[in-house]
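Here are the chains, one letter per residue:
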Amino acid sequence: MAAVNTRSKTIRWIIFSLNLLVVIVAILFYRSILSYLLISFIISFLIAPIITYLERFHISRTISILGVYVVIGGLLALLIIAILPQLIQQYQEVQDTILQASKEGFSLSSLGLGNIDRFLTRMEQNLPELRIREQLNTMFSIDKISSFLNQVPQVFKGVFNTIAFLVVVPVVSFFMLKDERVFLRSFFSIIGNRYFEFSIHLFQKIEESFGKYLRALLLESLMVAILSVIGLLILGIPYALVLGLVVGLANPIKYLGPFIGAVPTVLVILFGPTPDIYLFYITIMYFIVQQIDSLFLFPWLIGKSMDMHPLVVILTVIAGGYAFGIVGMLLGVPVVFLLKTILEVSQKSLKEFEII
Amino acid sequence: MELVNREEKELIKFLKKVIIFKNVSSSDLRHISQYLYTRHYQAGEEVFKKGFPNEMFYIVKEGELVAYLSEKNEEIELNKYLPGGHFGSIGLFADLKRTASVKAVEDSVLLGISKKDLATFVRRFPNAGIEILYAFGKEFCENIITLNERLVKH
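Just so you know, the sequences run in chain order W and C.
In terms of the numbering used here, the first sequence opens at residue 1 and continues consecutively.
In terms of the numbering used here, the second sequence opens at residue 1 and continues consecutively.
Next comes chain W alone, as it looks inside the complex (with noise of 0.2 Å):
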């Protein structure tokens, strides 16, 4: 019995084993299009929601997918059309602005802080070995400011500009929001018995508070990005719709979002045309801005489906951005978030399914 026992388990592991090599060998083959079959989950797990919702009207998954595609087509067709041409040319505007200050000598005189560069002359020649200038001019160097401009249209093009993409996306994200419960079954089938239950039960505990949380992050950086561009629009500030796009799209990065997506708007005032007065201006336009989000959209749209610890927050943030850049600084807190509710949500349910 025993010695049947030791071959059954041997066998076990051989199958885990082969299933596990499987699973690597298909990785590596698919792996180029692993940041597609990524896009496609997220697309579609945003829309889910509209398809299930228009399923109550005993409208068909595939018919009404179409028609949410439709609408999305024709939306991207008029942003295209409309602002695409306007926002290449505001961005492009964004970088010589700053492109050509910085080859004028990244000077702090010609950012109007005269007193400044007084001040730091006289720490020169009282402390020569600080190098403050030297050091200065290293953080602001034209290399490191123009690859960094040229990395955001790269995305873009390296994006959009992919025929691939545009086929492949649009199609995964099509079959896995049509044949959603088919893949779910599947997945699940292969949970042994002992596991089920619990396995359905994180899964569902996941799908309340992440994607709950994930689409109403997503919502309220697109409602203050409108409230942006809407101040910059009565302000009078040039690029208005850019630089809006840019508060917002730095809108999820928690207490650091908004002074980082500000960034841009200054440098545009500080070298722009506009007077320099207007810093005043938006100073006080982006805090009414902020002010909205975290009175009112924040509470409303998140609230208390996010409970971090705001020190955490701001460490995950900054931790992030060490380790990944601003991309570590936008998906910390979420990637930390959804880690945060698998052990809770596991710790808890393991004990009461008896599994440890």
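These are computed hints drawn from the structure, not numbers from a lab.
Since no wrong hints were added, every one of them can be taken at face value.
Straight line, CA to CA, 30 Å or less: simulated BS3-like cross-link-like pairs of lysine-lysine:
1. W:Lys205 / C:Lys97
2. C:Lys9 / C:Lys138
3. C:Lys61 / C:Lys50
4. W:Lys178 / C:Lys16
5. C:Lys115 / C:Lys103
6. C:Lys97 / W:Lys304
7. W:Lys351 / C:Lys115
8. W:Lys351 / W:Lys340
9. C:Lys22 / W:Lys178
10. C:Lys115 / C:Lys80
Only some residues are given here: those of chain W computed to face chain C with a beta carbon under 7 Å:
11. Glu55
12. Arg56
13. Arg181
14. Arg185
15. Phe188
16. Glu197
17. Ile200
18. His201
19. Gln204
20. Glu352
All figures in this text were calculated on a predicted structure; none of them were measured in a lab.
Here a beta-carbon is modelled for each residue, glycine too, at the ideal position from N, C-alpha and C.
With the hints as your guide, set chain C onto chain W.
Quick look at chain C alone, frame taken from chain W:
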């Protein structure tokens, strides 16, 4: 594709015979079949124990299962479930842990739907949902009557 259709047709034919889905239309049954997880249990295997969280509701497709309570190394059998029968319905309505343990007596096939998915389905397809909820209500009433009769006998 043909095979999938045949399997689906067979499943819907089975669901029509399940008392909970008696008055639900075929098209709604096709929708609910999307939420059903098919699980296989060997004879003697436990589905869940008393005290587990209430996550799933099960319909017996094949085999035989029993609900029981363990007390002082003794197993008190409460109920037997045969094909077409179901268990786990208390958890759908009351916020309780599992009130008894269930294990398979023979090799069994179960169709499971999660508490949350059933609630979603009822809201999404109210017509079918009303029929399902009425069927549950009717069954609970019948259970109360049976229990009362047993009480009078004792």
